[in-house]
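Colleague: Chain by chain, the residues:
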Amino acid sequence: MLQTGPALAEEVLERSDRTPFWRHILRNPGAAAAVVVIALVVVAAALAPWLAPYGPNQQNLFAAMAAPSHVHLLGTDEYGRDELSRLLFGARTALAAAVAVVVVSLVLGALWGLVAAFYGGWIDLALMRVVDVFMAFPFLLLALMIVAALGPGTVQAIIAVAISYTPVYARLVRGVTLGVKELDFVTAARSLGARDTWMVRRHLVPNILGPIIVQATLNMGTAIIDISGLSFLGMGVQPPQADWGAMLADGQTYILQADWLVLAPGLSIVLVVLAFNLFGDGLRDAIDPRRAPR
Amino acid sequence: MLVLVARRLILAVPVMFGVLVFVFLGLHLLPGNVAQAIGGAHATAAQIAQITRQLGLNRPLYVQFWDYFSQVVRGQLGTSLRTHDPVTADIAQAFPYTVQLTVSAFLLASVVGVAAGVVAAVYRNTWLDSGLMAVVLVGVSMPVFWTGILLILVFAVDLPWFPLSGVLTPGLSVGGPTGMPVLDGLLTANWHGMGDAFMHLVLPAVTLATYTVAFIARMTRAAMVEVLQQDFLRTARAKGLPGRAVVLRHALRNAALPIVTIMGIQFGALLSGAVLTETIFAIPGLGRLTIVSILFRDYPVVQGIVLLAALVFVVVNLATDVLYGVLDPRIRYQ
Chain P
38 MLQTGPALAE EVLERSDRTP FWRHILRNPG AAAAVVVIAL VVVAAALAPW
88 LAPYGPNQQN LFAAMAAPSH VHLLGTDEYG RDELSRLLFG ARTALAAAVA
138 VVVVSLVLGA LWGLVAAFYG GWIDLALMRV VDVFMAFPFL LLALMIVAAL
188 GPGTVQAIIA VAISYTPVYA RLVRGVTLGV KELDFVTAAR SLGARDTWMV
238 RRHLVPNILG PIIVQATLNM GTAIIDISGL SFLGMGVQPP QADWGAMLAD
288 GQTYILQADW LVLAPGLSIV LVVLAFNLFG DGLRDAIDPR RAPR
Chain R
30 MLVLVARRLI LAVPVMFGVL VFVFLGLHLL PGNVAQAIGG AHATAAQIAQ
80 ITRQLGLNRP LYVQFWDYFS QVVRGQLGTS LRTHDPVTAD IAQAFPYTVQ
130 LTVSAFLLAS VVGVAAGVVA AVYRNTWLDS GLMAVVLVGV SMPVFWTGIL
180 LILVFAVDLP WFPLSGVLTP GLSVGGPTGM PVLDGLLTAN WHGMGDAFMH
230 LVLPAVTLAT YTVAFIARMT RAAMVEVLQQ DFLRTARAKG LPGRAVVLRH
280 ALRNAALPIV TIMGIQFGAL LSGAVLTETI FAIPGLGRLT IVSILFRDYP
330 VVQGIVLLAA LVFVVVNLAT DVLYGVLDPR IRYQ
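One line per chain: the protein sequences are P and R, in this order.
Every number in my numbering is 37 more than the matching position in the first sequence, counting from 1.
Every number in my numbering is 29 more than the matching position in the second sequence, counting from 1.
Read the hints as simulated data drawn from the structure, not as lab findings.
None of these values were measured; they are calculated from a predicted model.
A virtual CB, placed ideally from N, CA and C, is assigned to each residue, including glycine.
There's no promise every hint is true.
If the Cβ cut is set under 8 Å, some of the chain R residues that face chain P in the computed set are [to be verified]: (1) P43; (2) F94; (3) V167; (4) G168; (5) S170; (6) L180; (7) L182; (8) V304; (9) V321; (10) P329; (11) T349; (12) V351.
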């Protein structure tokens, strides 16, 4: 949970540490390793059509359920599709969907929080009560209800997860905005006639960027889990598109005969999510050294 | 204390009303004609018109909402489009399984999570702390569905210690007042049934608890590290209190507020995780009912479950707030 409000704003403003940001992260072995893993996965996803030994949907029923071998490094599934190729293409789905979720929820949430904090009064009250209502739903059930109304599919799953993440950003942005608004020099500047746009550009954006980047990085991990969770339930990415969650669900059917079908996609999800969590933690410590592990 | 409870209760009312509005609108305002969705792609115009009339979808929105509202307030959630039973009956049948799973996972997660967090904080910056926190980091990165499959693979397939799925061995039944097999077995002194139900519960409960254990452990460690550095604990140690009393009676009590907050929030996550866990282990609880209802476009049931889940969540949050008052007298007298 991130610290928000005046305390955070003060703390970030008071920071006198001028060590380059990236050096902070690279000094942290966990975060540095995470950067490497994320970079590798991004490259693998981008180059999937060239790296994958077979097409992601290329079937070979004669080689169905083949164990890992030099022909199929990670084996094949029930249709004889190459598991490694599907894994590489699945990385594209996972990363693209997670980025979409984070961007959509961030933009919606940031606008929501900004409007609430800026206008205050009953607008703030009303907007924040809506956030409370959204927060009252267990996340997956909210997402499932949205999917129930929109029908299953990748875009629907992205919308559902993004909507359920939006309140987090709304609260975060509102908290920091209120904090910045109350800082003495901002009050002074406003009383001298400074405009709102000046405050947003000069003070709000720099202060809010740190916590938002941390939250967005951590949400990349949770978004990958949640989108694959919906696909696992058959509510997200639809067959035959390669997706880690859907691959796991398929693999579970054949768990007694072919455990490689669940091991490869499961380990991929854990590895990528772990990397985003480590990177997010590293970023948070770099932005706010006082929160670094003691 | 009563004032605190009353105030929180009053605050919960608008939230629940908002939840009700949202659940209602979710069905009526989102794109896609509900009658068309229920009728299916091949429904004729006459069939769709009939469904529309049957569900009262041709009436003004506020009339429909008032109907829905007064129905829900009386504890009725409509009729399932799939089973044609009252939604409350379908939910009542599935709910005990979810309660059994969620509560056992919550208890497991709380005990193990807090214990691991306290140990890591007391032994901070030692190999024990680093080891525990590394395990915890992997734990928060494990999706529920992957943990479940992994546990099945190891403890049901490779080492056949636990059953693969279900809540009881087929053919066995444990009748009882609660509908929760383990508790019913205990209450009716049906030890064989209870043992069987317990063995079926272990893997799902551990699956569901894993993420929460890790999350609670992380937060407990952070809260305890903060408290352990404070002056009053130095005083407590200086006056000769034994280490255990210092940690458990003084430090943990002061670190309790953030830990309780996290536990309250995590309960919602457990309800979400239950959907996945029940799917993996074929448990006939609310999660499975949700998925089946979505696949059959059985909207009244989906609405009912979402409403119930939100209510449980709001009640848990209320309980968390009240617990604050118990733990911290300053909040009680504010």
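Colleague: Could you work out which earlier hints the structure fails to respect and list their numbers in ascending sequence?
Modeller: 2, 4, 6, 9, 10, 11 and 12
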